[in-house]
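Chemist: Residue numbers (our numbering), protein chains in the order written: chain A, 118 to 584; chain P, 1040 to 1290.
Treat the hints loosely; a few may be bogus.
Covered stretches of chain P (in silico footprint by chain A; criterion: 3 or more residues with CB under 8 Å from a CB of chain A, positions within the stretch not fixed) [stated by the list, open to error]:
| id | segment |
| --- | --- |
| 1 | 1078-1091 |
| 2 | 1100-1106 |
| 3 | 1175-1185 |
| 4 | 1224-1237 |
| 5 | 1264-1276 |
The hints are simulated quantities; they were obtained by calculation from the structure and are not laboratory data.
Glycine is no exception: its CB is placed at the ideal position from the N, C-alpha and C atoms.
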Amino acid sequence: MIGNQLIDQYACHISDEKQQSVSQGAAAGTAKRYQVLHQDYQDPDGLRQIAAAIKDHTLHHLGDYLAQAEQALVARGATVHFAATDEDARQTILGILQNHGVSRLTKSKSMAAEEIHLNPFLIANGVECLESDLGEFIIQLDNDIPSHIVKPIIHKNRREIAATFLREGIATDYNDDPETITRRARVFLREKYMQAQACITGANFVCADSGRLLVVTNEGNSRFGMAPVPVHIALVGIEKVIPRDQDLAVFLNLLGRSATGQQLTVYTEFINGPRAANQEDGPQHMHVVFMDNGRTNVLASKCREILRCIRCGACQNVCPVYRQASGHAYRSTYGGPIGAVLSPLLFGDRFPELADLPKASTLCGACNEVCPVSIPIPDLLLRLRDKAQRAGIHSPAAIPMSPFALLATSPTIWRTAMTMAKTMNYLPLKIAPIKPLQDWLGQRTLPPSHGGDFRKWLKKRKRNSNS
Amino acid sequence: MANPTARPLGKRVLLMGTCLCDAFYDDVARATVQVLEHLGLSVEYPADQTCCGQPAFNSGDWAASRKVASHCAKVFAGDLPVIVPSGSCAAMNRHGNLLQFEETPDAAIQSLAGRTWEVMDFIFNGLGVKTWPGQFAQPTRLAFHRSCHSRGTTTGEAVRTLLASIGNAEVIPFGQSEQCCGFGGTFCVTFPHISGQMGTLKLDHILDTRPDLLVGIDMSCLMHLSGLAQTQGRPVPHLHAIQVLRNTLIT
């Protein structure tokens, strides 16, 4: 069976190999998260609620906290830029690079950079731009796009990666042993770090009180990237600000556990501004680009809770639809439950192009259950469905609901219909020209109709007890 | 979600029979009446009831679903507890309705939210029946699919505990039990491929444990799963938890 919905079609057509990679990688992530959180905390849910409250508070006062963060960053010697749109962000970054005469850089993993398609833009403008996160590096070699927030190559297996390395000359022979693959990437990347003139990172958190910037990685690639270069640029979504250093105690404990089942990521880098006079290493110049790119519109919408997101990917891991369809099915930077809400919203005026994403959910709520900041994703999906309906956006395969509403508000007709439905038991349903019925019967039987039988039973009982 | 602790109890209750029981699963509604009466309650079934409005609500047609929900709230007006043998209809009354009436708060809708109980939750947490004096004739392995709309409620634990307390019953765990079965309302026909894959995976996990009986609290999940199982040539005996309570009491 295959439906008219694009995500259903995508899921139907991906290879078994890709679907298995995604599904097994995601399921393993869910299991590890559960084990680590519950082994370390008696009440992980309580912790999620605290994190949600801190994020909500921050979003409620975002303007104030951004101003405070800017002030603190400047006091530390960083230069702060604000970019309203994706184009502003790209131009700002290009301008900084040109000012510093940068033509080669390394970049650590950043979803914000993915969002604005920074790599192709910089390359088109003559800047050699190399991804240093292993997964993103492989994505770049394959000219692919990430399919998961923290595991960008969840859809690939090691055989494909070994073949890529051979094809791209990273390796001189085929070897799909994961450790060998990693060693080869490491040798190749070490060289590039030394040749680079700048490093671009994202940021997981920016503390407003201290101007401290947090970057977590498992490979230490952002540290390597920053160590030998004079210029560091951090591209940061405006929602990444948190009030205080001490709030990190909540978020760091949740982030690693939710994302990969680690108590902490291997590297947790606190960046306290550009190189100080008494420091030997590190960039002399630090630029922080705060990017809006649709976020203030989301903040003003009825889906503002989605801005609590700390990009852990736990919702993607647990989502049964994501596991079947993969992140690429969502036709945008963010896939899975987070993407089904965030991507259409970030599309702004182009919302109709992604209005089908919120429909790709059974509303099972597993995403909400694992979310470290307790985003009520099913509620937000429903709100977006309502928004699409009110905007009159055509949805393929939608079942018209007005006849249902009429029937369900007319009790007499309803009761008659229930009784009459019994005739279904004698009809050849398999040839009835009703699309939803055929989509049901294509892979399932329908139980026999007992329309109105319960009501009859009640009446009969009443008669018997009265007689 | 409406406050779970402040719901009315009492000897008289209203039964919300659900549209699925009206159309297909009359025995689930019957079992609900029989079990509640066994527990000493008087059960009334308002004849003008139809559906909670969930199909339209989940499809995003809130204009349509608000009409149905308002009809439902009118039919169940008053101060009696409303008992429903479906986790998803209970969630619709208690949570979904509040969402769709957010901008136009409605007293009848709020009242319904504050009086609705999923039936197993009502028996366990409302009436305080913590063990079930039933008995299976022979050792019976039960696979309990919790149904997603019971997430974040006390229903799942109520069902698990009551089922496990039945003589000769064993509630067996199965893999990835947190995963959805793939029904999802209109999702099952608008995303038929993904829905079928999800259901098949769920059946694989359940049938791996060789259960004698698949137990659920939402006939929608069970209709989807059993329909799939039958088409795939591996039919699975299935019952609503309330039918299990009734059946084990009789034998």
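Chemist: Compare the structure with each hint and give your call.
Modeler: Results of checking the hints against the structure:
As drawn, the segment 1078-1091 of chain P meets chain A at 6 residues by the rule of a beta-carbon pair under 8 Å; at three or more, the given contact holds. Closer than 8 Å: that is the beta-carbon criterion, and the segment 1100-1106 of chain P has 6 residues meeting it against chain A, so the requirement of 3 holds. Here's how the segment 1175-1185 of chain P fares: 0 of its residues keep a CB closer than 8 Å to some CB of chain A, so the rule of at least three is not met and the hint is violated. Counting residues of the segment 1224-1237 of chain P whose CB lies closer than 8 Å to any CB of chain A gives 14, so the stated coverage by that chain holds, three being the minimum.
A stretch counts as covered by a chain when three or more of its residues have a beta carbon under 8 Å from one of that chain; for the segment 1264-1276 of chain P and chain A the count is 5, and the coverage holds.
The structure fails to meet hint 3 from the earlier list, while all remaining hints are met.
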